[in-house]
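Quick mapping for you: the protein sequence lines, in order, are chains A and B. Read in order, the letters of the first sequence correspond to residues 314 to 545 in our numbering. Read in order, the letters of the second sequence correspond to residues 2 to 66 in our numbering.
Each hint should be verified, as a subset may be incorrect.
Stated by the list, open to error - Covered by chain B, according to a simulated footprint, are these stretches of chain A (three or more residues, beta-carbon under 8 Å):
| # | segment |
| --- | --- |
| 1 | 424-434 |
| 2 | 455-467 |
| 3 | 493-499 |
Just so you know, the hints here were simulated from the structure itself, not pulled from any lab data. Bear in mind the structure is a predicted one, so any value in this text is a computation, not a measurement. Just so it is clear, CB atoms sit at the ideal spot from N, CA and C, and this is done for glycine as well.
The lines below spell out each chain.
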Amino acid sequence: MHSVTFQRGSFFCRILLTSTNKPLTLPPLISQPHARDWALPTNHMPELAATSEDTRVYEICVLLPYPLSQKEEEQAQKEIEKLLSEASGKQIAKDAWGRRGLAYRIGGFDEGNFIVYHYELNPEQIKELDENLRIVKNVLRHMIVKPPKGYQIVQYSEQYEQWQKERVQAEETRKQHREEELKKKMLERQKRQTKRAAPKKEAVEEPTPKEEGREKLTAEIDKLIADDELEI
Amino acid sequence: MKQCPFCQKSVQYIDYKDYPTMKSYIDYFGNIMKRYYSGVCLRHQKMLKTAVERARFMGMLAYRK
Chain A
314 MHSVTFQRGS FFCRILLTST NKPLTLPPLI SQPHARDWAL PTNHMPELAA
364 TSEDTRVYEI CVLLPYPLSQ KEEEQAQKEI EKLLSEASGK QIAKDAWGRR
414 GLAYRIGGFD EGNFIVYHYE LNPEQIKELD ENLRIVKNVL RHMIVKPPKG
464 YQIVQYSEQY EQWQKERVQA EETRKQHREE ELKKKMLERQ KRQTKRAAPK
514 KEAVEEPTPK EEGREKLTAE IDKLIADDEL EI
Chain B
2 MKQCPFCQKS VQYIDYKDYP TMKSYIDYFG NIMKRYYSGV CLRHQKMLKT
52 AVERARFMGM LAYRK
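Please model the complete structure; the sequences and the hints are all you need to start from.
If you want it as structure tokens, here you go:
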């Protein structure tokens, strides 16, 4: 069985080929306008794969409190990395998110600093590592997740800035739309007002051509009547 | 029949760090939207649930607003 992974939007897709061993050429993606398209991350890193059979790739997410002195932060990070390397881990990627607001208060802190590590670890040592991480000072939360096959690491710290920029842009476009709509409405109103005013003027001006026409008609009729050649 | 928005993009995994994608399936109070309303298929709803629960544990999403 041969597997090919490719990316579409934020996630990865997987095609399983049973018979052919050639890599598939991908069909062109149809760009569908979707409400959530702006939110999908795009910067993917190469796919994860363990080098040896004894190890697996694990994702370790750690939450540190935000208002923390540099010394303490460095210490905590060093301790975590030391623990990970002690567990015969090989670092693949590290992603420090920086200051982020928390959805709820944890340990008296409203803001936190997320760090996401990708390590190659021995599955037997995970339990020990989990317990050790609990003891480390200044770690509010930690989680070890096994990413699925074909998972592509996304640097969310870079993504976050993009999201914020796009959010600001979206708001600006919304404001522009509103202003344009208001302008349109104003223009329509003005047009309506001019239309209302216009017919009255025409009504005043109209009689004169009619009267002229009548005068002409009467003159012609008089002429006709005056003609002696007409025999009635 | 409306197709599942995740199936349309042939999604294999929903990441718990991917806030914007999860955000649209969470209501004002922080509950996950019912499948009936969002039109997500069962397979992806389960993925979404694990992703949201992980994010909640790490403090990225609220349990309750």
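State whether the coverage of the segment 493-499 of chain A by chain B holds or is violated, taking the criterion as 3 or more residues with Cβ-Cβ distances under 8 Å.
-> Our answer is that it is violated, as 0 residues pass the Cβ test (under 8 Å) against chain B, missing three.
Taking 8 Å as the C-beta cutoff, is the stated coverage of the segment 455-467 of chain A by chain B satisfied by three or more residues?
-> Held - the segment 455-467 of chain A has 7 residues with a Cβ nearer than 8 Å to chain B, which meets the minimum of three.
Within the segment 424-434 of chain A, is the number of residues with a Cβ closer than 8 Å to a Cβ of chain B three or more?
-> holds (count 3)
Consistency note: the structure conflicts with earlier hint 3 alone.
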